[in-house]
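Protein chains in written order, with our numbering: chain A, 1 to 342; chain B, 1001 to 1808.
Honestly, the hints are just simulated from the structure, not real lab data.
Do not take every clue at face value.
[To be verified] Derived SDA-like pairs (lysine to any residue); straight-line CA-CA distance at most 20 angstroms:
1) B:LYS1351 / A:HIS145
2) B:LYS1507 / A:ALA187
3) A:LYS160 / B:GLU1599
4) B:LYS1351 / A:SER333
5) B:LYS1804 / B:ASP1755
6) A:LYS160 / B:VAL1617
7) B:LYS1039 / A:GLY273
8) B:LYS1539 / A:TYR156
9) B:LYS1461 / B:MET1364
10) B:LYS1219 / A:HIS145
11) A:LYS243 / B:LYS1507
12) B:LYS1141 / B:ILE1071
13) B:LYS1428 / A:TYR144
14) A:LYS118 / B:ASN1421
15) A:LYS118 / B:GLU1495
16) B:LYS1686 / A:LEU108
17) B:LYS1203 / B:LYS1507
18) B:LYS1500 / A:MET120
19) A:LYS160 / B:LYS1500
20) B:LYS1505 / A:GLU114
21) A:LYS119 / A:LEU108
22) A:LYS278 / B:LYS1039
23) A:LYS160 / B:MET1588
24) B:LYS1045 / B:LYS1017
25) A:LYS97 / B:ASP1415
26) B:LYS1073 / B:LYS1039
27) A:LYS233 / B:ASP1480
28) A:LYS278 / B:ASP1035
29) A:LYS221 / B:GLU1195
30) B:LYS1624 / B:LEU1636
31) B:LYS1686 / A:ARG337
32) A:LYS297 / B:GLY1598
33) A:LYS265 / B:GLU1021
34) A:LYS243 / B:LYS1203
35) B:LYS1219 / A:GLY273
36) A:LYS297 / A:TYR144
[Said to hold, decoys possible] Now the stretches of chain A that chain B is said to cover, found in silico as 3 or more residues with beta-carbon under 8 angstroms:
37) 17 to 29
38) 34 to 46
39) 58 to 72
Just so it is clear, CB atoms sit at the ideal spot from N, CA and C, and this is done for glycine as well.
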Amino acid sequence: MKEQLIEIKKNILDALNDVKDLAFLEKLEKKYLGRKGEFTQALRKLAQLSGEAKKEVGSLANEIKKDIEKKFVETRNNLEGKTDKKGFIDVTLPGEKIERGHLHPITLVQRELEDIFKKMGFMFLDGPELESDYFCFEALNIPYHHPARDMQDTFYIDHKNEKGEFDLVMRTHTSPVQVRAMLKYGAPLRCIAPGRVYRCEAIDACHEHTFDQMEGLMIDKNISLDNLIAVMKELINGIFGRKIETRVRPGYFPFVEPGIELDIKCTICGGTGCPSCKHSGWLELLPAGMVHPNVLKYGGVDPNVYSGFAFGLGFTRLVMMRYGIGDIRFFNSGDLRFLEQF
Amino acid sequence: MYLSLNWLKDFVDIPKKITPEELGLKLTMHTVEIDSVQKQSDKYKNVIVGKILEVNKHPNADKLRLAKVDIKKEVLDIVCGAPNIEPGQLVPVALVGAILPNGLEIKEAEIRGQKSCGMLCAEDELGLGEDHAGILILNEKSKIGQSFAEYLKIEDVIFEVDNKSITNRPDLWSHYGMARDIATFLRTNTTKKFEQFSKPKIKVDAEKVKLEVTVEDFKLCPRYMGVVMEGIKIESSPKWLQDRLISVGVRPINNIVDATNYVMFELGQPLHAFDQSLVGKIIVRRAKEKEEIETLDGVKRQLDKNDLVIADSKKAIAIAGVMGGANSEINDNTTTIILESANFDFVSIRKTSQKLGLRSEASMRFEKSLDPNLCEIALSRAVNLIKEICPKSKLVSNVADEKNFNLNQGPIELDLSWLNNFIGDVIKKEEVIDILNRLGFSCEDKNEEIFVTVPTWRATKDISIREDLAEEVARIYGYDNLKLTMPQVAMSAPETIPEKELVDKIKNILSGGASLSEVYNYSFVGEELLRKLNIDFSKHIRLANPIAAQHTMLRQNLAPNLFLNIKTNQPRYDIVKIFEIGNVYLGMTGEIAKDGGGEEKLPYQEKRLGIVIAGGVKDNVFAKAKGVIEYLMANLDLNVEYNVAGSEVTPPWANKNKVAKIKIGQRVIGFASVIDKKVAGGLGIKKECAVVEVSLKELLETIKGRGDKRYKEFDKFPPVIRDLAFVVNEKVLYNDIKNEIINFHEYIKEVELFDVFQGGKVGEGNKNLAFHIIYQADRTMTAKEVDDLQQKLIKKMEEKFEAKVRDF
């Protein structure tokens, strides 16, 4: 019995010395150590022994088994080591491809802005894009024959009311959300309303009849004009991630009083003047103002108790500036060559 | 609108140290947006005075000649076609690089083999007149090499005003009005002339004629002034007057028309002159129904009773405030005129000019609501101006002045502490009063409060509340001078809007794991596209004033424009995977209030999610699109199911065999489908397109009120998984089989389809379905127990679906 085991051990060790590849090693492993392997068979016979003999042979068998297993591991390591050293692997090959999708650049910038406002406690609202004349103009202090209606080329819906007037429009600005929000939530109120707006304008590289704006509204006790300018500057710095030089000048919008225009130093030429800023060095970015008392009244808010500010950010323009997009038509083109860049 | 610096200087002292650019900037920062500041001399950049030294024949052309021109620095060879040039003449020379007022750019050129380094200019090429007969010969005072602008003594600067920024300021539509604001923010003075104009005096020379004026409706015409002037001789205006008109972009016509225009640009009041011989007494009345008038532009226009006309007893002679009539027009034989200076209701003027599509400089001003007091200032100025340019003219009538108006000049109570709170910075009382006074307001100081009386030129519509005054103070003080503080308000977490959250989530899931790209499409569609898609557009909402044929109606589905996206991208992509979240608009009443009352509602509009996957035949885009939906719903913790769609949800462009309703529980939230090959071909789409459209409103309903997700304990006992595969007729629905299995026994916890095979060895018209069936009880199930259940299940399948079980 002993001899047999030693014999097998010798055979195995000899055989292992000659092993040249892993496949052969596995064959040997099966031949000797497998369920029906020679060494396994021999071990089974151990059961037939008894007493001292069993004990003696048993401990020998154990030792031999350890040796063999050790040799197997060594041989395997050896072989694998050789393969690793021998085989060249091109580590510069790319990995397995995982496809990615893309969000629209307007969505991306919108989210950045939303983050800024979320931190300041603003809620996000939406409003109908097919809007009534009432909310789009009248409740914003722009009655039917107000010349300010010329400021916006309105798409009217082919539907007339009893007076024979077109009373439905594609909203020309996000400002109707102001009154809708006040009616729904009352004061105090802090909200932004990003969304699509429409102007009846022929399309070219600089003009679109469909683009995006973002309305902002804050109503509370003691909201002042300087608060408005301070928040706007915070917003601008947040958008660009650095301090941007601004200027504030008068602007006229019937739903605010006073109305202001906040310009930023042209981000393209740095203020020296270029075609983008019409050689003025400044870009018009944020029309804003203190909510007109009439608008507060339309919204059911008492102007003797509350005051507030509103602003409308020309969103599409901002995205164009941000990414250096020269042609506004790309946004609604669905062209993946454009969209996949974001 | 254009402003001339020289003209402004008639009314306001502008310190020399302030450059035109600085003035433009200050106007922008305090009053109105200035679009450009243009030195008039820039028009003649690179145009200089040259002296002709020699004139020779052109060797290759009879009508051309070669001139040698001394421009001081050098002598240029210039080819010229004009017959009037001779040696010794001083002429305007446009050098290479000059851009002439008529737009011509001068380049170095070879004309019939002869080099020409510039151009000798005729009058018309320099924008100085119509003459093109010959080169403009300059007088002897000109110097060789001198700039042409210097020779012409052109030194004016023109400011271009953004008209939108003075929509609310009737007083700013003139040099006179603008001067007042400039004097305020520059802290300088208005001129003597300004003060004189502000106190009008109309001197009657001899009252020979009685001018009768009747105003029938003072609401539409609060004031009508008129005078008769005789001794008029119609001719060209003097050059200074013409120059000023040209400088603000107006073409001179004749002395009387020019004078009325001049006064309008100077003072902001539109005037009109009638030929007195063609007019009887003046009646200001509403037009009669279908009354016709031929206006100065030669167009016959039909009016109705909402329009206001100036008439005599027989006929309308002008559309009030919009345009004069041809029948009373000033002509070369006119010797006596009626000069009108009137005020009209802004709404009426606006309605009429909009209806007629006639926007004139006059109507533009009237619709801003002019001060009726301006009529007198302007009439006085016009009479004096006409006397100046038409020295024999005399005012020979009474000064007719029919008026009935009432301006609300306040006073407005301005509480100083309110003002400082509202502006958010402390502006001293003295400064507040000073600013208001300079702008023409009068202030009564009563300690904490100031009672502010509004000047007439700001009282028509512009200023009526304390916030209006706050703007005046703040803009003159300078917005950039305010000390800034962030709002001090109570903290509160913003309320969230479920739809907005859902939209954000969907966008992340689809652009993330599902690797789709987001598109934005127009809300509009056109007939041609819908027709190609077999879509009935009779109930589509239409635009009243569409701007393009492909954008005439509001979309009712996202799919049509998504198909266009496929067309855009198909040449460059094997597979196109896109989605859009956007609004659709249906022709029925919705839920959103139309006005403050809330009774009436807007047309129905909702947000939809649209997905299109387009690829080759082998790409199995239908399955891919459904995969996207399942992935999306799994991420939203929703179980999705498909049902065979009936005709009610089948889009008219769809392949009728490939339409499925998408259901969450019992709620149908949308459909998945594939476009019909023929329809696709008609659109020029070469790919298979699978389309999914989901109503976010419906989807939201399935999520609404759903509690938080709860952790579930692991099963204590191991599940037993058995596979089951069988062949059924291809028309037996997966849904039915799955439901049958899952409902077969309470121990069957899950059914998972892992293989579908159709045709081939399972036989034509059949399909093979293979499922993993997961058995799970509240104890360890024995093999026999599961086997027995599975056997019964098989029997049920055989009975119910005529399924033939395949052995594993």
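Outcome of the hint check:
1. For the given pair, B:LYS1351 sits about 7 angstroms from A:HIS145 by alpha-carbon distance, which is consistent with the 20 angstroms threshold.
2. At roughly 32 angstroms between alpha-carbon atoms, B:LYS1507 and A:ALA187 are farther apart than 20 angstroms, so this suggested pair is violated.
3. A hinted pair counts as satisfied when its Cα atoms are at most 20 angstroms apart, and A:LYS160 with B:GLU1599 qualifies at roughly 17 angstroms.
4. Taking the CA atoms of B:LYS1351 and A:SER333, the gap is about 38 angstroms. The hint is violated against a cut of 20 angstroms.
5. Note on B:LYS1804 and B:ASP1755: the hinted pairing holds, with a Cα-Cα distance of about 16 angstroms set against a maximum of 20 angstroms.
6. For a cut-off of 20 angstroms, the pair hint linking A:LYS160 to B:VAL1617 is broken: about 49 angstroms separates their Cα positions.
7. The hinted pair formed by B:LYS1039 and A:GLY273 meets the criterion: a straight-line CA distance of about 17 angstroms does not exceed 20 angstroms.
8. Using a Cα cut-off of 20 angstroms, the hinted pair B:LYS1539 and A:TYR156 holds, with the two alpha carbons roughly 17 angstroms apart.
9. Distance check on the hinted pair: B:LYS1461 and B:MET1364 sit about 15 angstroms apart at the alpha-carbon level, within 20 angstroms; holds.
10. Only pairs whose Cα atoms come within 20 angstroms are accepted, and B:LYS1219 paired with A:HIS145 is accepted, the gap being roughly 16 angstroms.
11. Restraint check: the Cα-Cα separation between A:LYS243 and B:LYS1507 comes to about 31 angstroms, which exceeds 20 angstroms; the hinted pair is violated.
12. Among the hinted pairs, B:LYS1141 with B:ILE1071 is consistent with the structure: their alpha-carbon atoms are about 15 angstroms apart, no more than 20 angstroms.
13. Taking the CA atoms of B:LYS1428 and A:TYR144, the gap is near 39 angstroms; set against the 20 angstroms cutoff, the hint is violated.
14. Between A:LYS118 and B:ASN1421 the CA atoms are separated by roughly 27 angstroms; this puts the pair beyond 20 angstroms, and the hint is violated.
15. Our distance criterion of 20 angstroms between C-alpha atoms is met by A:LYS118 and B:GLU1495, whose separation comes to about 10 angstroms.
16. A C-alpha spacing of about 31 angstroms is found between B:LYS1686 and A:LEU108, which places the hinted pair above 20 angstroms, so the restraint is violated.
17. Restraint check: the Cα-Cα separation between B:LYS1203 and B:LYS1507 comes to about 76 angstroms, which exceeds 20 angstroms; the hinted pair is violated.
18. Proximity of B:LYS1500 to A:MET120 is assessed by CA-CA distance (about 18 angstroms); at most 20 angstroms being required, the pair is judged to hold.
19. Between the alpha carbons of A:LYS160 and B:LYS1500 the distance comes to roughly 32 angstroms, so the proposed pair goes past 20 angstroms and is violated.
20. Pair hint B:LYS1505 plus A:GLU114 holds up; C-alpha atoms about 15 angstroms apart against a cutoff of 20 angstroms.
21. For a cut-off of 20 angstroms, the pair hint linking A:LYS119 to A:LEU108 stands: about 17 angstroms separates their Cα positions.
22. As the CA atoms of A:LYS278 and B:LYS1039 are separated by approximately 17 angstroms, the hinted pair is consistent with the 20 angstroms bound.
23. In summary, the hint linking A:LYS160 to B:MET1588 is supported, as the alpha carbons are separated by about 15 angstroms, within the 20 angstroms threshold.
24. Distance restraint check for B:LYS1045 and B:LYS1017: the Cα-Cα separation of roughly 24 angstroms exceeds the 20 angstroms cut-off, and the hinted pair is therefore not satisfied.
25. Proposed proximity of A:LYS97 and B:ASP1415 is contradicted: the alpha carbons are some 69 angstroms apart, above 20 angstroms.
26. At most 20 angstroms may separate the alpha-carbon atoms for a hinted pair to count; B:LYS1073 and B:LYS1039 exceed this at roughly 25 angstroms.
27. For the suggested pair A:LYS233 and B:ASP1480, the alpha carbons sit about 12 angstroms apart, so the restraint of at most 20 angstroms is met.
28. Between A:LYS278 and B:ASP1035, the direct Cα distance comes to roughly 8 angstroms. Compliance with the 20 angstroms bound is thereby established for this hinted pair.
29. For the given pair, A:LYS221 sits about 44 angstroms from B:GLU1195 by alpha-carbon distance, which is inconsistent with the 20 angstroms threshold.
30. For the hint linking B:LYS1624 to B:LEU1636, the alpha-carbon distance of about 18 angstroms falls within 20 angstroms, and the restraint holds.
31. Only pairs whose Cα atoms come within 20 angstroms are accepted, and B:LYS1686 paired with A:ARG337 is accepted, the gap being roughly 19 angstroms.
32. A distance of roughly 16 angstroms separates the Cα atoms of A:LYS297 and B:GLY1598; the hinted pair therefore holds under the 20 angstroms criterion.
33. For the suggested pair A:LYS265 and B:GLU1021, the alpha carbons sit about 17 angstroms apart, so the restraint of at most 20 angstroms is met.
34. About 62 angstroms separates the Cα atoms of A:LYS243 and B:LYS1203, which puts this hinted pair outside 20 angstroms; it is violated.
35. Proposed proximity of B:LYS1219 and A:GLY273 is contradicted: the alpha carbons are some 49 angstroms apart, above 20 angstroms.
36. Between A:LYS297 and A:TYR144, the direct Cα distance comes to roughly 18 angstroms. Compliance with the 20 angstroms bound is thereby established for this hinted pair.
37. Coverage of the region 17 to 29 of chain A by chain B is violated in this model, with 0 residues showing a Cβ closer than 8 angstroms to a Cβ of that chain against a need of three.
38. Remark: the region 34 to 46 of chain A is not confirmed as covered by chain B, as 0 of its residues place a Cβ nearer than 8 angstroms to a Cβ of that chain, below the required three.
39. With 0 residues having a beta carbon nearer than 8 angstroms to a beta carbon of chain B, the region 58 to 72 of chain A misses the requirement of three or more and the stated coverage is violated.
Consistency note: the structure conflicts with the earlier hints numbered 2, 4, 6, 11, 13, 14, 16, 17, 19, 24, 25, 26, 29, 34, 35, 37, 38 and 39.
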